[in-house]
Amino acid sequence: MGLVGFVAISVIAYTAFGLTVGKAAGHIDPGMSTFVLNGIGAVLPLGYWAVLRFALHRDVLSTSGRGLGWSLAAGVAIGVFSIGLINVVAKGGVSYGLPMIYGGAIVLGAVGSHFLLHERISGLHLVGLAVTAFGVAIIAYAHR
1 MGLVGFVAIS VIAYTAFGLT VGKAAGHIDP GMSTFVLNGI GAVLPLGYWA
51 VLRFALHRDV LSTSGRGLGW SLAAGVAIGV FSIGLINVVA KGGVSYGLPM
101 IYGGAIVLGA VGSHFLLHER ISGLHLVGLA VTAFGVAIIA YAHR
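For the sequence shown, counting from 1, position 102 maps to 102 in this note's numbering; every step adds exactly one.
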C-alpha cells in the first residue's frame, strides 16, 4: 500500500477513535477507558507485526535500543493523551475536544518537528499552521 492509502486509513481510524471515545465518555472511568483502548491498541499492532514477520516472511526493520526507548516514550504520551482526551470530550464534547486537541497537536507537532527533528517548514506551511492556530482560537472562544 502506498503513502496515500496509509494516510486515508489513518485519518479514518483516528476519526473513528475520536468519535468512539466521545460515545464512551461519561459512561466509563477515564482510567479504565484508557486501559481498554490502549490494550486493544497494543494487541492489534503486535498481531500485524507477527503476520508480517512470521506468516508473510517479510523483512521488518531491526529494533534498536534507541527505537525501543522512543517507542516507550511514545506509549507514555499516548496513555496520557488518552486520559486527557476522554476527560475533554466528557466535559466539552467531541465537536470541541477533537478540534482543540488535534488542531493544537498539529501546530505544536510541526513546530516541535522543526526544532527537535530539524525538519524544514516553508512559508506556505507556516501560513497553514497560523490558519490552524486561528481556527483553534475561534473554537476556544466560541465554547467559553
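Treat the hints with care, since some could be wrong.
[Said to hold, decoys possible] FRET-style restraints, in silico, Cβ to Cβ: (1) Ile106 to Ala142: 16 to 24 Å; (2) Ile138 to Val11: 21 to 29 Å; (3) Ile9 to Val60: 16 to 24 Å.
Source of the hints: derived by calculation from the structure; they are not laboratory data. Where is the CB? At the ideal position from N, CA and C, for every residue including glycine.
- Checked against the structure, which of the hints given earlier come out wrong? Hint check: nothing fails, all pass.
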